[in-house]
Amino acid sequence: MPLELYNTLTRKKEFFVPLNEGRVAMYVCGPTVYGHAHIGHAKSYISFDVIVRWLRHLGYAVKYVQNITDVGHLTDDADAGDDKIAEQAKREKTDPMEVAQFYTRSFYEDMDRLGNLRPNIAPLATGHIPEQIELIERLIASGHAYEANGSVYFSVQSFTGYGKLSGRLNQEELEPGTRIEIKSEKHAASDFALWKKAESNHLMRWNSPWGVGFPGWHIECSAMAMKYLGESFDIHGGGLDNQFPHHECEIAQSEAATGRPFVKYWLHNNLVTVGGQKMGKSLGNFLTVKDALKKFSPVMLRFFILQSHYRSPLDFSDAALEAAGAGLEKLHDTYRRLGEAKITGAAIIELAPFEQRFIDSMNDDFNSPTAIATFFDLNREVNTKLSSGGFSEAGLKDVLSFYNRFAGDVLGILPGGETTGGSGSADAGNKAIDLLLELRQQAKAKKDFATSDLIRMKLTDIGVEVQDTKEGSSWKLKN
RNA sequence: GGCGCUGUAGCCAAGUGGUAAGGCAGAGGUCUGCAAAACCUUUAUCGUGAGUUCGAUUCCCACCGGCGCCUCCA
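In terms of numbering that gives the first Met the number 0, the first sequence opens at residue 0 and continues consecutively.
Hints are computed from structural coordinates only; laboratory data are not their basis.
Predicted, not measured: the structure shown is a model, and the values here were computed from it.
C-beta atoms are modelled at their ideal positions from N, C-alpha and C, and glycine is treated no differently.
Just so you know, not all the hints are guaranteed correct.
Computed cross-link-like contacts, DMTMM-like style, restricted to lysine to aspartate or glutamate with a CA-CA straight-line distance of at most 25 angstroms [as the list claims (entries may be wrong)]:
no. : residue 1 : residue 2
1   : Lys163    : Glu86
2   : Lys477    : Asp290
3   : Lys277    : Glu133
4   : Lys294    : Glu86
5   : Lys62     : Glu13
6   : Lys12     : Asp364
7   : Lys475    : Asp426
8   : Lys475    : Asp460
9   : Lys62     : Asp363
10  : Lys62     : Glu133
11  : Lys280    : Asp314
12  : Lys396    : Asp364
13  : Lys341    : Asp290
14  : Lys475    : Asp376
15  : Lys293    : Glu339
16  : Lys294    : Asp460
17  : Lys62     : Asp376
Label pairs and their computed distance ranges (CB to CB) [what the hints assert, rightly or not]:
no. : residue 1 : residue 2 : range
18  : Lys396    : Phe285    : 26 to 36 angstroms
19  : Asn148    : Asn119    : 35 to 45 angstroms
20  : Asn284    : Glu91     : 22 to 32 angstroms
21  : Asn403    : Ala318    : 28 to 38 angstroms
22  : Val211    : Glu354    : 52 to 62 angstroms
23  : Arg90     : Ser231    : 38 to 48 angstroms
24  : Glu13     : Arg404    : 24 to 34 angstroms
25  : Glu91     : Leu270    : 44 to 54 angstroms
26  : Val211    : Lys294    : 21 to 31 angstroms
Construct all of the structure, not just a fragment, from the sequences and the given hints.
Following this line, the structure appears as structure tokens:
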């Protein structure tokens, strides 16, 4: 089965056919850098990371652009309120650029830990002011935008396709005056800001044909996506919460300016809930990646997220994460055993069916949960072979390669460098543990179980789990 | 009110018009000096009601419950 993906724009699964053969141009909305990344960011960027990895596995040359929003994102709606970053700067008694830099670094630190590959291009909104101004000028020239009192607004009614992404086609149904305050300078309630006039106290400001101001939130993505990926490109991703109005506005701006389709496939990941409710600062159930990683390892968090589908909502709880972690440990144990296995037998595993299942899963709209299920079934077979004779040289090599390619390269869920036991370790601490196990082995040989159990108990106390097998004892660190 | 999603075993979570993956937890067993690990066996008729169909958990409708968007949010 070739790759199929669910296109939000058409609301159905479609076969993936890139605009240029062999190449994929992909844009994913990046974070607004006014705070540390939360576990919702983790779900979104892990999902798209795996999507990128899978496209690359299929042989596509993927150009992955993910922006950093460091200006223009306002606290209220697109037209009122203060800039989020400027607000945070006030709270931290510093200036906006420092806030943006600080949280940008924090963001990449978190994403790196979670195993997400860096995007090929990570453009900043503040670094693309001329491109945004140019795009706004095009929209004014073509009659899709108008200036009012130093600000520029997009005229929604000038673009017939507005609403096609979110299904919100009838703009009259918006109840004026309830939640969207009509500003007198706007021609219609649903018009949105492309450029905002800067008040005198506004720190982030640039010169423009309309006076000193700053760009609106939506325009940056259009300008940067088109600059690096062209006026039409393959995939645009983002969180479901950005479907409207952000992505709707992106389509309107871009297609009104160019007269051609902006994006072929729109992908939206579902949201993280905590206790069944959306996570929010105001709800008090807000969890940052950094806090989550104090309790759980990065690969556990990643695995937990990938065990549900990217388009499904995911409810976060300690219990759910621990349950996922127990399963992941099983995978890791087997992988570790494979790495330490001696060539003692002639066993091989027919990997083709497993590979087919994995590929079919991923090709079915990036179904990572069923892809992972493949590994649990393979795991069982591997363990059986390991404890009944062992693998042949080729058999071992093939199985390890399978884990490395699919669990490692594609899903990124193999152990991330944490210490595990076994012989052959150069570390002095590891050697000391190996020595203790050797002494325990001697005690066991003399049927001195009191001593052998004492050693095992004491090791357990310091977090070292001992396991006896026919070939001897092994150990690993328990977290 | 408008748009959309969703309701599968104790918990998490896939999926299909022909009676349901995987994980966690539980039970029994094999192995073991004991344990751990591993392996084997075992636990659901898919929110409720009606309809289409030879047959529906999967399609249509209604209802009940949960969630998201409609204001910034991955």
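Against the structure, the hints come out as follows:
Restraint check for Lys163 and Glu86: the C-alpha separation of about 33 angstroms exceeds 25 angstroms, so the hint is violated. Under the criterion of a C-alpha separation no larger than 25 angstroms, the hint pairing Lys477 with Asp290 is consistent with the structure, at around 20 angstroms. A threshold of 25 angstroms between alpha carbons decides the hint, and for Lys277 with Glu133 the separation of about 37 angstroms lies outside it, so the pair is violated. Only pairs whose Cα atoms come within 25 angstroms are accepted, and Lys294 paired with Glu86 is rejected, the gap being roughly 30 angstroms.
Our distance criterion of 25 angstroms between C-alpha atoms is met by Lys62 and Glu13, whose separation comes to about 21 angstroms. For the hint linking Lys12 to Asp364, the alpha-carbon distance of about 8 angstroms falls within 25 angstroms, and the restraint holds. Our distance criterion of 25 angstroms between C-alpha atoms is met by Lys475 and Asp426, whose separation comes to about 14 angstroms. A hinted pair counts as satisfied when its Cα atoms are at most 25 angstroms apart, and Lys475 with Asp460 qualifies at roughly 13 angstroms.
With a C-alpha separation of about 22 angstroms, the suggested pairing of Lys62 with Asp363 holds against the 25 angstroms cut-off. With a C-alpha separation of about 24 angstroms, the suggested pair Lys62 and Glu133 falls inside the 25 angstroms cut-off, and the hint holds. Simply put, Lys280 and Asp314 have alpha-carbon atoms about 16 angstroms apart, close enough for the 25 angstroms limit, and the pair holds. The hinted pair formed by Lys396 and Asp364 fails the criterion: a straight-line CA distance of about 30 angstroms is larger than 25 angstroms.
Between Lys341 and Asp290 the CA atoms are separated by roughly 40 angstroms; this puts the pair beyond 25 angstroms, and the hint is violated. Among the hinted pairs, Lys475 with Asp376 is consistent with the structure: their alpha-carbon atoms are about 23 angstroms apart, no more than 25 angstroms. Annotation: proposed proximity of Lys293 to Glu339 is violated, straight-line Cα distance about 30 angstroms (limit 25 angstroms). Restraint check for Lys294 and Asp460: satisfied, since their Cα atoms lie roughly 19 angstroms apart, inside the 25 angstroms limit.
Restraint check for Lys62 and Asp376: the C-alpha separation of about 34 angstroms exceeds 25 angstroms, so the hint is violated. Between Lys396 and Phe285 the beta carbon distance is about 46 angstroms. The supplied range of 26 to 36 angstroms is therefore violated. Look at Asn148 against Asn119: about 40 angstroms separates their beta carbons, and that is inside 35 to 45 angstroms. A C-beta distance of roughly 23 angstroms is found between Asn284 and Glu91, which places it inside the suggested range of 22 to 32 angstroms.
Against the hinted window of 28 to 38 angstroms, the Cβ-Cβ separation of Asn403 and Ala318 comes to about 31 angstroms, which satisfies the hint. The supplied range of 52 to 62 angstroms is met by Val211 and Glu354, whose beta-carbon atoms lie about 59 angstroms from each other. Separation of Arg90 from Ser231 is about 41 angstroms and conforms to the stated range, judged on CB atoms against 38 to 48 angstroms. About 27 angstroms separates the C-beta atoms of Glu13 and Arg404, a value consistent with the hinted range of 24 to 34 angstroms.
Hint check: Glu91 to Leu270, Cβ distance near 27 angstroms, so the stated range 44 to 54 angstroms is violated. In this structure, Val211 and Lys294 break the distance hint of 21 to 31 angstroms, their C-beta atoms being roughly 47 angstroms apart.
When each numbered hint is compared with the structure, violations occur for hints 1, 3, 4, 12, 13, 15, 17, 18, 25, 26.
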